[in-house]
Structure formats: C-alpha cells, structure tokens
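S.K.: Residue numbers (my numbering), protein chains in the order written: chain A, 85 to 192; chain B, 405 to 562.
For the record, the hints were derived by calculation from the structure and aren't laboratory data. Some clues are possibly wrong.
Unchecked claim - Here are the simulated EDC-like pairs of lysine to aspartate or glutamate, each with C-alpha atoms no more than 16 Å apart in a straight line:
| id | chain 1 | residue 1 | chain 2 | residue 2 |
| --- | --- | --- | --- | --- |
| 1 | B | Lys528 | A | Asp120 |
| 2 | B | Lys528 | A | Asp159 |
| 3 | A | Lys184 | A | Asp120 |
| 4 | A | Lys184 | A | Asp159 |
| 5 | A | Lys143 | A | Asp159 |
| 6 | B | Lys435 | B | Glu422 |
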Amino acid sequence: MTRNDCLLIALLLLVALSPLMIDSGSEKIFALIKVDGVLVRKLDLSAEARLELEAGGGKNIVETKNGAVSVAEADCPDKICVRRGAIRHVGEAIACVPHKVLIEIAED
Amino acid sequence: MTADALLVSLSLILFAVEGLMPPLWLPPGAKFGLANVVTVAALYLLREVDALIILSARIFLAGMLAGVPSMILFSFGGGLLSLAAMILLKRAEKFSVVGVSAAGGFFHNLGQICAASVVMGSEKFFLYLPALGTCGIVVGVLNGLLAKAVIRRLKKFL
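Pulled out of the complex, with its shape left as it was, chain B reads as follows (with noise of 0.2 Å):
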C-alpha cells in the first residue's frame, strides 16, 4: 500500500511535469502519457490489482488538480481498456516491456475514442484513429524503453 501511495504521487508530479511542457509535434489531444510509465512499471513490480489502484486514483486526483472533472471518463475510458489490454499482454508471456507498454498506448487512445463516440454520440471520431492510434504505439514504444530502465533499477527496493 504504501508503494501504491508513492507511485500515485510520482505519476502525478509526472503528470503535472508533462502539463508544463510546450506541446511538441503531437497531433491535437495527443500527449506523450509520461504517468503511464509508472502504471507499466506498477505491472511488472508489484501485483496487477497494484496497478490498476495506482491508475485508477491518478486518473481521478490527476482530473481533480487540472480542474477538468470530464476529463476523467475520458480518461477512464482509455486508462482502463489500456490497462486491461496490458495485462492480458503480459500474462500471455510473449511479449516484452516494449510490446506491452507499445499495446497499452494504443489501447490508451483508442478507449479515449470509444468514449468520446459513446458521449459524443457519433461514430466519426474513429477517422482520428489512425493519427491517435499510430501516436499511441510510438508513445508507448518510447515510454516502454523508459519503464524498463525504471523497472530494472527499482526491482532492487519494492
């Protein structure tokens, strides 16, 4: 538990680092999700239900702080599908941090467009599936990289 707490406050400040950043070549509603290296690194060191806790209350506080509540279905909706594809991911044992991280960036994306269809109430938010989607799997390829340096160093302490 007390793991889950400082990993929800690192994912935030990591959150609220990446909000001062200027946005950079990114497509419109596209971000680099540096918090989600700490939901991949949740995965592999501590227990799958860790990682869904920590995910679940940074959605919520990190929704909270930047003082957009909407943004947190939104949110939900590709947090949850990402983490759930990640598991499925990681239980089938094929797959490195890499493949892993570079699936829940994709599956990331594409619940933000199932959710914003479902709200929005129009399947048209699928013709930006192919430029969230590929930005998902590049984002994700880079912030598996990251997660797998971070996971080596701290396997040592949790």
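Only chain A is shown next, with the shape it has when bound in the complex (with noise of 0.2 Å):
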C-alpha cells in the first residue's frame, strides 16, 4: 500500500461518513401532543422545558429533556403514561388513554 492509497481510503472515508455531520444539524424532531385527536402543543426535543397539561379532566405533566419525552406525572388512575418512560424515536408515541391524551414524536 502506497502514501497515495492511504490519502485515498482517508478522502473515502470522510465522503462515507459525511452524511452524518449533515444530519445532526439539519434534521428537527418534535413531541406532538393531541388531546382527543386534535394537536395542542408541539415541543421541541432539543430544548428542556415542563408542561402542565389540562386534558380530559385530569392533569399530565409533560417533560422534554436530552432529547427524549417523558410523563413525569399524571393523576390518572392507571399511571401507564407515566409508566411508558421517555420517547425518542419518530415513530414512538406515548398515550394516556383516560385523559384522551397522545403524545408521539415526528419530523419537522
């Protein structure tokens, strides 16, 4: 393997990998937050920030934090929301369904 081939395989890795620098700034992802269907609130996930959520006669407490979207509270009698965990992923959703409350994560 000559000098030439190593600059060569070096500027081939820099091009395979360059979709990755690009993404991490480009792409915004958001906790959409539906009371019975109908969008409430869109969080963004990159910032932290903690909601009281007035729905279907109870209270959610909604939680944004290194990325990820959490229940951290709830009144309602089952607590599955709030036992679901945080969400990252686009795709992924968290639902409360006493409340009528959903909250799933989707692009820009």
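Starting from two chains that each stand alone, build the complex the way the hints lay out.
M.R.: Have a look at this one:
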C-alpha cells in the first residue's frame, strides 16, 4: 500500500461519513401533543421544558429533557403514560387513555 | 475470450461459496464481495473491456442463479459505478491495486444506495452510507490484497 492509497482511503472514509455530519444539524424532531385527536402543543425535543397539561378532567405533566419526552406525573388511575418512560425516536408514542392524551414523536 | 469465460465462471464460484458462509460481523446488506477480486484482477491482467464483460456476465448470471432477478438492477448500479471508478483511478497511475480496490468497494456500495434511492424514490437510503461505505472500503482493501497476490501469480499464464 502506497502513501497515495492511504490518502485515497482517508478521502473515501470522509465521504462515507459525511451524511452523519450533515444530518445532525438539519433534522428537527418534535413531540406532538394531542388531546382527543386535536393537536394542542408542539414541543421541540432539543430544548428542556416542563408542561402542565389539563386534559380529560385531569392533569399530565409532560417533560422534555436530553432529546426525549416523557410524562413525569399524571393523576390518571393507571399511570401507564408515566410508566412508558421517555421516548425519543420518530414513530414512538405515549398514550394516556383516561385523559385522551397522545404524545407522538415526529420530524418537521 | 476464453480467459473471460474462465474468469466469469471463477467469479460465479466465488459468489456461490460466499453465499454458503455464515454472515460475519458485517451490517445487514453488506457482504465481502469475493467475486470482485476477479474483476480487479481482470482489470490488471486483461483489457478494461474484458473486465466490463466479466462483471456484466457475472452480475446477470449470479442474479439468475440465486433466483433473485431484482438483485441484478442493484448489482449493476453498484458494479458499473465501481468499475468506472477503478478504471479512472487505474489510468491515473498513482495508486496501487489495494487503493484501486478500496475505491471499488466504496463506489460499489454507493452505487447500490443510489440505485435503491432511485427505485424506491427516497433519499433516506444515504443515511446508510456511513455503515455501508466504510464496510466497502474495508472489504475493498482486503480484496485488493488478495487481488494483488492473484495478479502476481496469474501474470505468467494470461
């Protein structure tokens, strides 16, 4: 293997890895919060936020942190939404059926 | 022409043998591509047009033998781009067999991603380039080392 070969391989590696560099900045991911099917809030996952949500006669506290969203507290009877934990990938969702709250991750 | 036919059958054997090996550490969709050793060797031992004939015949026959004709389209996308890149780099006369083969491996996978993007109509396939492209370079280097040894030994006969 010659010096030119090494340069060529380094250049190719750079091209191969380029989608990683472009991608990290351009893609914004949001948490869409829907109550009874209606979109009420859109949270940017890159920012930290805590939101008190009055819905279906109860309260859910939605938190965004470290690029993920979770229901921190809720006064629904089963607490399934809280136990679901944090979600961060497009297509994942948290549902709180008693309060008709649905949190989905979506791309812009 | 006899040498071409011989090398086509050789590359088909390599293709079949590789299919028998268990998948190693490679990510899904990536493979070693042993048959490309033949393409690289042909490029150095015969004329450029012979390498093209051998590559095209292998892709067509391998697709038919494996029973996956749709594979042919993706393989041509990768194979032709890879061969074009290797021919240009070889003509530049600044790189060794290993460097040329590494570029061939990379462009093979890039070509397949391009073909997939066109067929499926989505540019998202390029997100797979870091994994597939890097694999292509690594197996390209290994194939290049193998091709170098093959070329040295076959030079006396072809």
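S.K.: Each hint: holds or not?
M.R.: Status of each hint after checking the structure:
no.	hint	result
1	Lys528(B) to Asp120(A)	violated (32 Å)
2	Lys528(B) to Asp159(A)	violated (41 Å)
3	Lys184(A) to Asp120(A)	holds (5 Å)
4	Lys184(A) to Asp159(A)	holds (13 Å)
5	Lys143(A) to Asp159(A)	holds (6 Å)
6	Lys435(B) to Glu422(B)	holds (9 Å)
Hint violations for this structure: numbers 1, 2, all remaining hints satisfied.
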